[in-house]
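K.L.:
Sequence:
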Amino acid sequence: MIEPPLPDDSFGNLSGVALTVVSSEDDIEEEGYNYAIVNKLTRAISKINKDSVKKLQDGKFCNPLNWEGVDENTFKGEVAGFGCSSFCWYPIYEADFGWGKPVWVAFGGVPKSNIIVFLDTKSGDGIEAWVNLTEEDMTKFVSDKELLTYASPTSN
Numbered sequence: 001m002i003e004p005p006l007p008d009d010s011f012g013n014l015s016g017v018a019l020t021v022v023s024s025e026d027d028i029e030e031e032g033y034n035y036a037i038v039n040k041l042t043r044a045i046s047k048i049n050k051d052s053v054k055k056l057q058d059g060k061f062c063n064p065l066n067w068e069g070v071d072e073n074t075f076k077g078e079v080a081g082f083g084c085s086s087f088c089w090y091p092i093y094e095a096d097f098g099w100g101k102p103v104w105v106a107f108g109g110v111p112k113s114n115i116i117v118f119l120d121t122k123s124g125d126g127i128e129a130w131v132n133l134t135e136e137d138m139t140k141f142v143s144d145k146e147l148l149t150y151a152s153p154t155s156n
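When the letters of the sequence shown are read in order and numbered with this note's numbering, they come out as residues 1 to 156.
Worth double-checking, as some hints may not be accurate.
What the hints assert, rightly or not - With a straight-line Cα cutoff of 16 Å, these simulated EDC-like cross-link-like pairs (lysine to aspartate or glutamate) come out:
| no. | residue 1 | residue 2 |
| --- | --- | --- |
| 1 | K112 | D137 |
| 2 | K122 | E94 |
| 3 | K112 | E94 |
| 4 | K101 | D120 |
| 5 | K112 | E136 |
| 6 | K122 | D96 |
The set of hints was computed from the structure by calculation and includes no laboratory data.
Construct the entire structure; sequences and hints are all you get.
P.N.:
Take a look at the structure:
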């Protein structure tokens, strides 16, 4: 339940931003690069609360300079931004538009790089991660030994 509640005539999607910066070598050395990102992002997401929703409703999240931890220096230099979304727990494979339930759900062309979308597998016993990166980054990503212990990359 969203607090404060949305008006009865609300329509559309509600989205917000969880922002974190991973740049400290200390974080990377202590936790490992992947864990540093996950831990910082988890902490950023956990800070989303009533005040965050109020700022969103007031339009304050429309300007990145209003995001916590962001100032005019944040976007100078090399910054890699990633978008991440999850359709897990949505009953996508239960949708029937008159010609039967889907055999496989896929996302059409994603026009931007650095986007990751998660969704449940049809069997419900796993998760698909649709990862869209630049060609150079994708080459590194699919050959990452740690990743390969948990995932089976495909190019569908």
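K.L.:
What hint numbers does the structure not satisfy?
P.N.:
Those not satisfied come down to hint 3.
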